[in-house]
Amino acid sequence: MRAPLISALLFALPAAGAETGAECPTRSALEAGESAYVTYPDSSIVALKWIGEGMVQETTRYPDGDGDFRMISMGGVFIIDEVDMDGDREMGPTRISTRYPPDMFDRVPLSPEQEFKVVAVNRFADGTESEEEYLSVQTGNTAEVMVGACSYTAFPVLITYRWQGGEFTSMLSHLPTLGLSVEMARIDEGTDPEPFAPHHFTLAHP
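Numbering (mature numbering (1 follows the signal peptide of the UniProt record, and there is no 0)), first residue to last: -18 to -1, 1 to 188.
Quick caveat, the hints were computed from the structure, so don't treat them as lab data. Incorrect hints may have been included.
[Said to hold, decoys possible] Just the calculated beta-carbon pair ranges, DEER-fashion: (1) Glu95 / Pro45: 35 to 41 Å; (2) Tyr143 / Asp108: 34 to 40 Å; (3) Ser93 / Ala11: 23 to 29 Å; (4) Gly47 / Ala107: 18 to 24 Å; (5) Met73 / Ala125: 36 to 42 Å.
[Stated by the list, open to error] DMTMM-like mimics (lysine to aspartate or glutamate), calculated; alpha carbons at most 25 Å apart, straight line: (6) Lys99 / Glu113; (7) Lys31 / Asp66; (8) Lys31 / Asp68; (9) Lys99 / Asp174; (10) Lys99 / Asp48; (11) Lys31 / Asp70; (12) Lys99 / Glu171; (13) Lys99 / Asp170; (14) Lys31 / Glu13; (15) Lys31 / Asp88; (16) Lys31 / Asp48; (17) Lys31 / Glu165; (18) Lys99 / Glu176; (19) Lys99 / Asp85; (20) Lys31 / Glu64; (21) Lys31 / Glu16; (22) Lys99 / Glu165; (23) Lys99 / Glu111; (24) Lys31 / Asp174; (25) Lys99 / Asp63; (26) Lys99 / Asp88; (27) Lys99 / Glu64; (28) Lys99 / Asp70; (29) Lys31 / Glu72; (30) Lys99 / Glu35.
Small disclaimer: the values here were computed from a predicted structure and weren't measured. Beta carbons are placed, not taken as given, at the ideal position from N, Cα and C, and that holds for glycine.
Can you make the complete structure from the sequences, with help from the hints?
This is how it looks when you write it as structure tokens:
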């Protein structure tokens, strides 16, 4: 059965390169408008920021600036908007907007030990025909986990995205206190999980 295996993997992943004395993100800091920064093994830095009404803005940047993008997620989990970035400028034609059924708002924030499926619709700003995306969502039990050098109560979230001709699974650790999620591993179709645990998690820009 996949779910117990995923839960075990999520909470066993090491916080590689974690530093002591990190300025760990707190709910009060996020409420005050600060961003939380996550550094991943591929050297990308993700800035997570509350933007109101349960929405989280996630801006991902790479050292060479190539491939930067910004997402807005509902409940820190479900992506509703994604666009490529050129510096601080959004590249409008690259935008993908995702629409969920109306009852999706009743499903967030997520809780431990849930399992459900939902059909979303992706709409493309460049004129590409809209497509349906099928999401399978599983959540596990709460546990104390380390994200970088910071300790939180969290629970695992496994989301499999399926669309015509493709499939991708993301394994997240959801931090209810912060209303955020951080990616811990990825699974491309037909492959084993690729650990992707954050190296650092801090309020200070790396």
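Hint check:
1. Glu95 / Pro45: 35 to 41 Å: Cβ of Glu95 to Cβ of Pro45: about 39 Å, so the range 35 to 41 Å holds.
2. Tyr143 / Asp108: 34 to 40 Å: Violated: the Cβ-Cβ distance is about 20 Å, outside 34 to 40 Å.
3. Ser93 / Ala11: 23 to 29 Å: Holds: the Cβ-Cβ distance is about 24 Å, inside 23 to 29 Å.
4. Gly47 / Ala107: 18 to 24 Å: 21 Å, holds
5. Met73 / Ala125: 36 to 42 Å: 39 Å, holds
6. Lys99 / Glu113: Between Lys99 and Glu113 the Cα gap is close to 17 Å, so the pair holds against 25 Å.
7. Lys31 / Asp66: Holds, at about 17 Å.
8. Lys31 / Asp68: Status holds; Cα separation ~19 Å.
9. Lys99 / Asp174: It holds: about 23 Å lies between the C-alpha atoms, which stays within 25 Å.
10. Lys99 / Asp48: The given pair, whose Cα atoms are some 34 Å apart, is violated under the 25 Å limit.
11. Lys31 / Asp70: 15 Å, holds
12. Lys99 / Glu171: Distance of about 18 Å is within 25 Å: holds.
13. Lys99 / Asp170: Status holds; Cα separation ~19 Å.
14. Lys31 / Glu13: 9 Å, holds
15. Lys31 / Asp88: Holds, at roughly 22 Å.
16. Lys31 / Asp48: 22 Å, holds
17. Lys31 / Glu165: 16 Å, holds
18. Lys99 / Glu176: 23 Å, holds
19. Lys99 / Asp85: Between Lys99 and Asp85 the Cα gap is close to 12 Å, so the pair holds against 25 Å.
20. Lys31 / Glu64: 15 Å, holds
21. Lys31 / Glu16: With Cα atoms ~7 Å apart, Lys31 and Glu16 stay inside 25 Å; holds.
22. Lys99 / Glu165: 20 Å, holds
23. Lys99 / Glu111: Holds, at about 23 Å.
24. Lys31 / Asp174: 31 Å, violated
25. Lys99 / Asp63: 20 Å, holds
26. Lys99 / Asp88: 14 Å, holds
27. Lys99 / Glu64: Within the cut-off at roughly 21 Å; holds.
28. Lys99 / Asp70: The given pair, whose Cα atoms are some 35 Å apart, is violated under the 25 Å limit.
29. Lys31 / Glu72: Satisfied, since the Cα-Cα distance of roughly 17 Å is no more than 25 Å.
30. Lys99 / Glu35: 23 Å, holds
In this structure, the hints that do not hold are numbers 2, 10, 24, 28, in rising order.
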